[in-house]
Amino acid sequence: MDRFVFLTLDGLSRGAVLAAFALALVLIWRAARIVNFAQGAMAVATAYVAYSVSAATGSYWLGFLAALGAGLLLGAAVDLVVMRFVDHTSPLNPVIVALGLVLLIQAVLGMAYGSEFLPAATPFSRTALTVGGVAVLSPYDLFVFAAVAVVVVGLAWTFTRTAVGLRMRAAAFAPEVSRLLGVNVGGMLTLGWALASGVGALAGMLVIPTELGLHPHAMDLVFVSAFTAAVVGGLDSPPGAVVGGLAVGLLLSYVSGYAGSDVTPLAVLVLLLAVLLVRPGGLFAPVAARRV
Amino acid sequence: MSATRAVTPPDTEARVDRAGPAEPRLGSTLLRHLGLAAVAALLLVAASYGLEPFRNFQLATVAAYLCATAGLTVLTGLNGQLSLGHGALMATGAYTVALCQNAFADAGMTGGWLLPVSLGAAVLAALVVGAVVGVAAARLRGPYLAGVTLAVAVVVPALTVTFDGVFNGEQGLAVPVEPPPVALGAYFPYERWQLWVTAAATLLALLLLANLVRSRYGRTFRAVRDDEVAARLAGIHVARTQVLAFVVSAAGAGLGGALLAVLAQSVSPGAFSLTLSLFLLMAVVIGGLGSLAGAAWGAVLLVALPDLTHALTEQLTLSPAVAQRVEGNLPLAIFGITLVVVMIAAPGGVQGLLSRLSRAVSARRASRQRS
Numbered sequence: 001m002d003r004f005v006f007l008t009l010d011g012l013s014r015g016a017v018l019a020a021f022a023l024a025l026v027l028i029w030r031a032a033r034i035v036n037f038a039q040g041a042m043a044v045a046t047a048y049v050a051y052s053v054s055a056a057t058g059s060y061w062l063g064f065l066a067a068l069g070a071g072l073l074l075g076a077a078v079d080l081v082v083m084r085f086v087d088h089t090s091p092l093n094p095v096i097v098a099l100g101l102v103l104l105i106q107a108v109l110g111m112a113y114g115s116e117f118l119p120a121a122t123p124f125s126r127t128a129l130t131v132g133g134v135a136v137l138s139p140y141d142l143f144v145f146a147a148v149a150v151v152v153v154g155l156a157w158t159f160t161r162t163a164v165g166l167r168m169r170a171a172a173f174a175p176e177v178s179r180l181l182g183v184n185v186g187g188m189l190t191l192g193w194a195l196a197s198g199v200g201a202l203a204g205m206l207v208i209p210t211e212l213g214l215h216p217h218a219m220d221l222v223f224v225s226a227f228t229a230a231v232v233g234g235l236d237s238p239p240g241a242v243v244g245g246l247a248v249g250l251l252l253s254y255v256s257g258y259a260g261s262d263v264t265p266l267a268v269l270v271l272l273l274a275v276l277l278v279r280p281g282g283l284f285a286p287v288a289a290r291r292v
Numbered sequence: 293m294s295a296t297r298a299v300t301p302p303d304t305e306a307r308v309d310r311a312g313p314a315e316p317r318l319g320s321t322l323l324r325h326l327g328l329a330a331v332a333a334l335l336l337v338a339a340s341y342g343l344e345p346f347r348n349f350q351l352a353t354v355a356a357y358l359c360a361t362a363g364l365t366v367l368t369g370l371n372g373q374l375s376l377g378h379g380a381l382m383a384t385g386a387y388t389v390a391l392c393q394n395a396f397a398d399a400g401m402t403g404g405w406l407l408p409v410s411l412g413a414a415v416l417a418a419l420v421v422g423a424v425v426g427v428a429a430a431r432l433r434g435p436y437l438a439g440v441t442l443a444v445a446v447v448v449p450a451l452t453v454t455f456d457g458v459f460n461g462e463q464g465l466a467v468p469v470e471p472p473p474v475a476l477g478a479y480f481p482y483e484r485w486q487l488w489v490t491a492a493a494t495l496l497a498l499l500l501l502a503n504l505v506r507s508r509y510g511r512t513f514r515a516v517r518d519d520e521v522a523a524r525l526a527g528i529h530v531a532r533t534q535v536l537a538f539v540v541s542a543a544g545a546g547l548g549g550a551l552l553a554v555l556a557q558s559v560s561p562g563a564f565s566l567t568l569s570l571f572l573l574m575a576v577v578i579g580g581l582g583s584l585a586g587a588a589w590g591a592v593l594l595v596a597l598p599d600l601t602h603a604l605t606e607q608l609t610l611s612p613a614v615a616q617r618v619e620g621n622l623p624l625a626i627f628g629i630t631l632v633v634v635m636i637a638a639p640g641g642v643q644g645l646l647s648r649l650s651r652a653v654s655a656r657r658a659s660r661q662r663s
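Those sequence lines, one after another, are chains A and B. Quick note: the first sequence uses this note's numbering, first residue 1, plus one each step. Quick note: the second sequence uses this note's numbering, first residue 293, plus one each step.
Note that these hints are calculated values from the structure, not bench results. Even glycine gets a Cβ: it sits at the ideal position worked out from N, Cα and C. A couple of the hints might just be wrong.
Okay, the calculated beta carbon distance ranges per label pair [claimed, not checked]:
1) A:Thr162 with B:Ala423: 49 to 55 Å
2) B:Arg324 with A:Ala112: 48 to 54 Å
3) B:Asp519 with A:Val270: 48 to 54 Å
4) A:Glu211 with B:Pro345: 20 to 26 Å
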């Protein structure tokens, strides 16, 4: 029973990070109808920025802020320099371009930093506190929950309560009408990319210390898990992404706790296939009639 | 029939071209492909005597990659299904060949027929895995399919560590291969023999694929890619067509992976990482989706690019550690940039540019004759 409690709490902490990462995918999907397959590589790039800044200044928090800033810039740059010019008539084209970015980013990181695992620092201890003899959360887990909660609430507030959020939603759902009403649709798209990439950077900063460390491929499997989380929730729904993230986090935690961590990738694949085959629109999507 | 179409919708030029001369009849197509294969075989045998051993080995590697890129071209270029998991299908073929060859060696069996049997088993295994993934894939679209195949690409190499009793974990397996037959002489170069074996298997696979592409099935592949609703109205069973395309493509990838394993005489999960899957996709996109010639360009690129960057980094004076980093990663960076640029500027890839060029030349010649 103690073990179950620990695995559940650990899974929720893992799931919070996946939720943030899935949220980043959902943001871009809603704004541009693109699944950003380069999200993981972009997050790793910002984590390397944090590593360099922290090493130069000796402060974790300066590195943390640098990662978030780099995330915002990188997202905007990817939209302005690359995605804007891609022919979107086939959904395959942006996917292929994003994969090109994955190769490019990972190669540049490998050239600059080498492909050894670098240690990734945490601001708080990762040893679990015990309450009444039961190991529960570590201070770092609490930090993860707080950071993700701030992001989720902040995004929800931005999209529902601010003028910029309203314009972003309008630009995503009815670009032509919004343009006629004076909304800078291209600018809103770039802003969406920047926000999503910033959230991705945060998720990367939170998850990399709990994995093997900093490596150009550190986010490959995390990306697959987060994609699964986004699909579980339905790519269109931010609350779905949060629920999906928590669900996938719990699944990963139980599977690695009871069956061994080697099996977790397989469990993710099975879950992804099961959800896509049974409910391709995700658990939160309304059932739509087929067009054919 | 325009064979150079990318995944983007046809421009007007391609539309005009498509209304051009009628497709040749199947009989003459088969003869033409047989003729081409015979010419290619003769050229390769001549080349195997003319080239030094290392070039023979490289050519054999190109042939092995060509099986996989040709398969992927059929799937992505002709049927419009994107797969990021072909590296995993290659791994399936490679591990099957390793297990078969080891089993034969343990049983003390020898003979020239063992390798073809192992290769056949590898194709079969990849076929089965491809059918499983293909059934799922036929229900999925665009980014969803990409996501699932990406998961396959990440998960399958990890499975070799999970079941390390069979696959020997990160170490991988050795692939025992018999020396060239004695009939060829005692000093027959091993690399030449490797080229012969790989090229023979690849030519056979290409012959089958080329005929499939030109057949009724090839046309239904393209019809489904261009417009699923129209294809369904025309009486095509869309899901069945998609599964068939996936299975054929998986068989190609399986054979390619098996040949690579035979060439390297070993398999390990590291050789079939996500990067390999991405490389294959890059290769077919840069080569030109939609034609087997594009797949050939892609396969050449896969082998030539690391070689070229190696030559380049040797020219530069870098410290050994930096040189090693650059050498490993420069081909990836070049591939990535090329892919992005090709997708934005020339979605037809190398083969698309070539055929556009040849069209322009023949159009100019025609107008000159008229005037």
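Quick rundown of the hints versus the structure:
1. A:Thr162 with B:Ala423: 49 to 55 Å: Cβ of threonine 162 (chain A) to Cβ of alanine 423 (chain B): about 51 Å, so the range 49 to 55 Å holds.
2. B:Arg324 with A:Ala112: 48 to 54 Å: The hint (48 to 54 Å, Cβ to Cβ) holds, given that arginine 324 (chain B) and alanine 112 (chain A) are roughly 51 Å apart.
3. B:Asp519 with A:Val270: 48 to 54 Å: violated, 33 Å
4. A:Glu211 with B:Pro345: 20 to 26 Å: violated, 43 Å
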